[in-house]
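Just so you know, the sequences run in chain order W and F. Everything in the first sequence is counted per the UniProt record's numbering, starting at 1 for the first residue and increasing by one. Everything in the second sequence is counted per the UniProt record's numbering, starting at 1 for the first residue and increasing by one.
Please keep in mind that the hints were generated in silico from the structure rather than gathered at the bench. Among the clues, some could well be false.
The list makes no distinction among identical chains, and a pair is therefore deemed to hold if it is satisfied within one copy or across any two copies.
Unchecked claim - No farther apart than 25 Å at their CA atoms in a straight line, the calculated lysine to aspartate or glutamate pairs in the DMTMM-like style are these: (1) 34 <-> 68; (2) 133 <-> 120; (3) 160 <-> 76; (4) 23 <-> 38; (5) 119 <-> 62; (6) 23 <-> 53; (7) 160 <-> 39; (8) 133 <-> 68; (9) 160 <-> 120.
The residues making up each chain are set out below.
Protein chains: 2
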Amino acid sequence: MTVLGVDPGITHLGLGVVREEGKTFHFLHAEVVKTRADEPAPARVGRLYERLEETARRYGVEAIAVEEQFFYRQNELAFKVGWAMGAVFLVAHGLGVPVFGYGPMQVKRALVGHGHADKESVARMVARFLSLKEAPREDHATDALAIALTHLFHARLGPKPL
Amino acid sequence: MTVLGVDPGITHLGLGVVREEGKTFHFLHAEVVKTRADEPAPARVGRLYERLEETARRYGVEAIAVEEQFFYRQNELAFKVGWAMGAVFLVAHGLGVPVFGYGPMQVKRALVGHGHADKESVARMVARFLSLKEAPREDHATDALAIALTHLFHARLGPKPL
Ligand SMILES: [Mg+2]
């Protein structure tokens, strides 16, 4: 099973692809797609869509897992993360792939064992599960891999897609 | 100039197409696209995308105008309106068409002359500008036409696209 993890955002969108084979997890890809506030919004969302779509297609992704924040400090932030989510859902729709959402606490619990783990502990566990020397340098890429792993840990429990 | 007005939302998305020729405004189309909360999110956003895209293409739309709320009662609402905005931006990106945003006060001011007009006054002016007996029955369709008209009233001022 191959999963695309997404840490959604409009200025930074983290992508991470993990494949589970038997009992091992393979790191396939991680990147952070960046857009600038001075670019037209259609071009920004367009680039997110294109990178998501190309990545999902290239690795034959069977599920997409996204980090869902339930509280945003600002409405405007929630709104703009929503733009990125629109792109995620349209890629999923086009490829016929389900999307699953996990909150930050669920991610920490799945990787470290408790919901209040710090970023460093999560990054260490991402590296360990994927047999990497260290987690990617960019936080949002590590976050995306953590979300993909979270879905793989939950997949047998039959989570409900968004 | 042909404009697609959009009242964005995930359960109800209003679409309205208006063409300006010389000094007259022609009503071309209005509809409300509906999705249900029990449908998978990718299918919901997919349907919005498809209706937006088909409508923009059919009428040779040259600009898209959306109503922008700046305050939402809830983060979750802002987030989900964001999903619909993602679809709007991707349609615009695909067709190479700019997107313009107008707040509710700007729409009321453009149509009625002041920012605190009630819904009925806005609907009456939509019908009048478009030479319709009455505005569409569905509020979100009327809102979408009002937004399209607002853009036509502002277009000569060279508004900045999103
Ligand atoms: Mg992150």
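Copy assignment of residue 23 with residue 38, given that the CA separation must stay at most 25 Å
neither (45 Å within a copy, 34 Å between copies)
Given identical chains, is residue 160 near residue 39, meaning Cα to Cα at most 25 Å, within a copy, between copies, both, or neither?
Between copies only: 12 Å across, 36 Å inside.
Between the shortest in-copy and the shortest cross-copy C-alpha distance, which are at most 25 Å for residue 160 and residue 120: within, between, both, or neither?
For residue 160 and residue 120, the Cα distance exceeds 25 Å both inside one copy (29 Å) and across copies (42 Å).
At most 25 Å between CA atoms: does that hold for residue 119 and residue 62 within a copy, between copies, both, or neither?
Neither, since 27 Å and 46 Å both go past 25 Å.
If the cutoff is 25 Å on CA atoms, where do residue 160 and residue 76 land: within, between, both or neither? Let me know, please.
The answer is between: 19 Å across copies meets 25 Å, while 28 Å in one copy does not.
Given identical chains, is residue 34 near residue 68, meaning Cα to Cα at most 25 Å, within a copy, between copies, both, or neither?
both (19 Å within a copy, 24 Å between copies)
Is it within a copy, between copies, both, or neither that the alpha carbon of residue 133 lies no farther than 25 Å from that of residue 68?
Neither. Shortest intra-copy (28 Å) and inter-copy (46 Å) distances fail the 25 Å Cα cut-off.
Between the shortest in-copy and the shortest cross-copy C-alpha distance, which are at most 25 Å for residue 23 and residue 53: within, between, both, or neither?
neither (27 Å within a copy, 44 Å between copies)
Given identical chains, is residue 133 near residue 120, meaning Cα to Cα at most 25 Å, within a copy, between copies, both, or neither?
Within one copy, since 14 Å is at most 25 Å while 65 Å is not.
This entry does not satisfy hints 4, 5, 6, 8 and 9, going by the numbered hints stated previously.
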